[in-house]
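*Asks:* Sequence:
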Amino acid sequence: MNIALVIFVLTYIIIGIQNIPKLHINRPAGALLGAVAMVLFGVISLKEAYAAIDLDTILFILV
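Under this note's numbering, the first residue of the sequence shown carries the number 17, and numbering increases by one thereafter.
In short, the hints are calculated from the structure, not lab data. Treat the hints loosely; a few may be bogus.
Simulated DEER-style distance windows between Cβ atoms [what the hints assert, rightly or not]:
(1) Val79 to Gln34: 30 to 36 angstroms
(2) Leu21 to Thr73: 21 to 27 angstroms
(3) Pro37 to Gly58: 29 to 35 angstroms
(4) Leu71 to Ile33: 28 to 34 angstroms
(5) Asp70 to Pro37: 29 to 35 angstroms
(6) Leu56 to Gly32: 21 to 27 angstroms
(7) Tyr66 to Leu26: 18 to 24 angstroms
(8) Val79 to Lys38: 14 to 20 angstroms
(9) Leu71 to Arg43: 25 to 31 angstroms
A quick note: this is a predicted structure, and the numbers were derived from the prediction, not measured. Where a beta carbon is used, it is the ideal one built from N, C-alpha and C, also for glycine.
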């Protein structure tokens, strides 16, 4: 099975089920874990990950 698909599905499960007992991971933390896993497992390079960050969206969320 493709590692990217496995990481994607696990990330969606973490994001979808936030009330896992003894595991307090909210949506942003789940998304961050998925992104880090993609880089660690070599699905995307660190340079590609930096390029995928949309600063306009981050600023919109923070303001």
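*Asks:* Find the hints from earlier in the document that the structure breaks and name them by number, from lowest to highest.
*Replies:* Hints 1, 8 and 9 are the ones this structure does not satisfy, whereas the remaining hints hold.
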